[in-house]
Amino acid sequence: MIPFEDIAWAREQHAATQRAISDLLEERLACPPAEIVSRMAAATGFAAMSYSALSSMQPAFDVVPFVEASRRHCVALRSEEGALQVVLANPFDGDLDDWLEARISEPFSCAVAHRNDLAAYLAREESSLRAVDSARAQMDEAAAAPQSGDEISLEAISASESVAVRLVNSTLFDAFRANASDIHLESAAEGLAIKYRIDGVLTSVERIPGSAVAEQVISRVKVMAELDIAERRVPQDGRFKARIKARDVDVRVSIMPSSFGEDAVLRILDRRSLAGEGASLTLEQLGFSAAILGELRKLATQPYGMLLVTGPTGSGKTTTVYGVISEVNKGLDKIVTIEDPVEYRLPGVLQIPVNEKKGLTFARGLRSILRHDPDRIMVGEIRDPETAEIAVQAALTGHLVYTTVHANNVYDVIGRFMHMGLDLYNFVSAVNGIVAQRLVRMSCKTCRSRGCSDCRGTGFRGRRAIGELLHMDDEMRELIVARAPVRRLKEAAQARGTRSLREAALDLVQSGETTLEEVNRVTFVA
Numbered sequence: 001m002i003p004f005e006d007i008a009w010a011r012e013q014h015a016a017t018q019r020a021i022s023d024l025l026e027e028r029l030a031c032p033p034a035e036i037v038s039r040m041a042a043a044t045g046f047a048a049m050s051y052s053a054l055s056s057m058q059p060a061f062d063v064v065p066f067v068e069a070s071r072r073h074c075v076a077l078r079s080e081e082g083a084l085q086v087v088l089a090n091p092f093d094g095d096l097d098d099w100l101e102a103r104i105s106e107p108f109s110c111a112v113a114h115r116n117d118l119a120a121y122l123a124r125e126e127s128s129l130r131a132v133d134s135a136r137a138q139m140d141e142a143a144a145a146p147q148s149g150d151e152i153s154l155e156a157i158s159a160s161e162s163v164a165v166r167l168v169n170s171t172l173f174d175a176f177r178a179n180a181s182d183i184h185l186e187s188a189a190e191g192l193a194i195k196y197r198i199d200g201v202l203t204s205v206e207r208i209p210g211s212a213v214a215e216q217v218i219s220r221v222k223v224m225a226e227l228d229i230a231e232r233r234v235p236q237d238g239r240f241k242a243r244i245k246a247r248d249v250d251v252r253v254s255i256m257p258s259s260f261g262e263d264a265v266l267r268i269l270d271r272r273s274l275a276g277e278g279a280s281l282t283l284e285q286l287g288f289s290a291a292i293l294g295e296l297r298k299l300a301t302q303p304y305g306m307l308l309v310t311g312p313t314g315s316g317k318t319t320t321v322y323g324v325i326s327e328v329n330k331g332l333d334k335i336v337t338i339e340d341p342v343e344y345r346l347p348g349v350l351q352i353p354v355n356e357k358k359g360l361t362f363a364r365g366l367r368s369i370l371r372h373d374p375d376r377i378m379v380g381e382i383r384d385p386e387t388a389e390i391a392v393q394a395a396l397t398g399h400l401v402y403t404t405v406h407a408n409n410v411y412d413v414i415g416r417f418m419h420m421g422l423d424l425y426n427f428v429s430a431v432n433g434i435v436a437q438r439l440v441r442m443s444c445k446t447c448r449s450r451g452c453s454d455c456r457g458t459g460f461r462g463r464r465a466i467g468e469l470l471h472m473d474d475e476m477r478e479l480i481v482a483r484a485p486v487r488r489l490k491e492a493a494q495a496r497g498t499r500s501l502r503e504a505a506l507d508l509v510q511s512g513e514t515t516l517e518e519v520n521r522v523t524f525v526a
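Take the numbering used here: the last position of the sequence shown gets the number 526, and nothing is skipped along the way.
Please note that the accuracy of each hint is not assured.
Said to hold, decoys possible - Below 25 Å or equal to it, Euclidean Cα-Cα: the simulated BS3-like pairs (lysine-lysine) are: (1) 357 / 241; (2) 298 / 241; (3) 195 / 241; (4) 298 / 490; (5) 358 / 241; (6) 298 / 330; (7) 245 / 195.
Hints are computed from structural coordinates only; laboratory data are not their basis.
Please read all numbers here as calculations on a predicted model, not as lab measurements.
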């Protein structure tokens, strides 16, 4: 129980400061969250609700809308039997009691939860709610085209007359707030499936019934990306700009025909999220081991040659290259990049965006860069033999080239360039080192993988990079030119201290920083 005099004191403080009585009591009693919830429940006669109990129930946003739930720090829930229960963060709020009694016409019971648990639950439910609210209404047939870089906010979403516009914009807004890297819009026989990729894992958000919904949403995305809405038989790629929460966000769009119409994947590129607001990106922020960091810095400061960073899509390759450039950018060298698109603005660096519609490809841009007297060059990605050949020649003629390529490990990169038809001798002469990397989700420090309010019930919070680094010395060059088998290359590399991605990931398991299941998800199990 809570002593009456403490409650009386909290009410007096509330009248003077307008702070929540529950917060004042928690500070005065100085007890942990679970205990203050239990004591408030005992004082009011309500049930105590933990985060795990909250997570097991479905929200009733038709009873208490999400906006009101967030503002008033409460949520209405329904049990499997249909019973209604309202969970409160501050059970001493008389105004809230009056509001609930006036709004809810059916019988309900009350429970108490900690404000952090309630906030985490609402954050988890937020994205699906807005998609549901936008999709349940009848879809308009026409989708008005927005101006590039339009502000996407809760107010703008609510003010839009087109339901299709509201659905797409609310999905973008929710995905941005959830730190999603990709939005998947999948057409199915029964309607539209919305999924987010968060921390590398694809999460289902909502399924919207009605085949017309899928068609109109995809058309809306095409209009935003300036694609051909009449063409539905071939893939299309485009991009558009938006402004969300005072940030300029680039969205890269890929449209793919499917059995039930078309699917879309929207890649969210938030330039300022790489290093944080107003911060400078450094290699330490990526989370590599000390050994990898030391070697990476050596390779990044060589007078000429090529540093290759490899890994699958979403493994953090571009962020690593940005970190390298940020550290070596002392204002003494001319640094030029060519990227598709420019994801993060680097002060003092000439950054060139690829524009294939206008004929500015990686290869053409790289040729022009070499005439611009650069010292260091970043090529966002090597995709074709022509770009690879020019990058190698640049590295052989006195430039330091940073670039990325898609491959599974440091040894697969060699085969990738061989298949491009490059001269092996020139390639190995140009390359100083190859880094393969993955991003591993880290166990939540609060709950250690069980799921809590801090990690939104996932058990993981944040990611860090693991790396596999191959230093290209004379013996390794000779083996590659002689086309030695991969087994021989691995043996030679391991003799020089190269550790595999799997070994680097297992180190994190042994230190308790992640789980074996997460390691198995991102690295190859031999």
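Hint check results:
At most 25 Å may separate the alpha-carbon atoms for a hinted pair to count; residue 357 and residue 241 meet this at roughly 17 Å. Simply put, residue 298 and residue 241 have alpha-carbon atoms about 37 Å apart, too far for the 25 Å limit, and the pair is violated. At roughly 21 Å between alpha-carbon atoms, residue 195 and residue 241 fall within 25 Å of each other, so this suggested pair holds. Taking the CA atoms of residue 298 and residue 490, the gap is near 22 Å; set against the 25 Å cutoff, the hint holds.
Restraint check: the Cα-Cα separation between residue 358 and residue 241 comes to about 18 Å, which is no more than 25 Å; the hinted pair holds. For the suggested pair residue 298 and residue 330, the alpha carbons sit about 16 Å apart, so the restraint of at most 25 Å is met. With a C-alpha separation of about 21 Å, the suggested pair residue 245 and residue 195 falls inside the 25 Å cut-off, and the hint holds.
Hint compliance for this structure: hint 2 is the single one not met.
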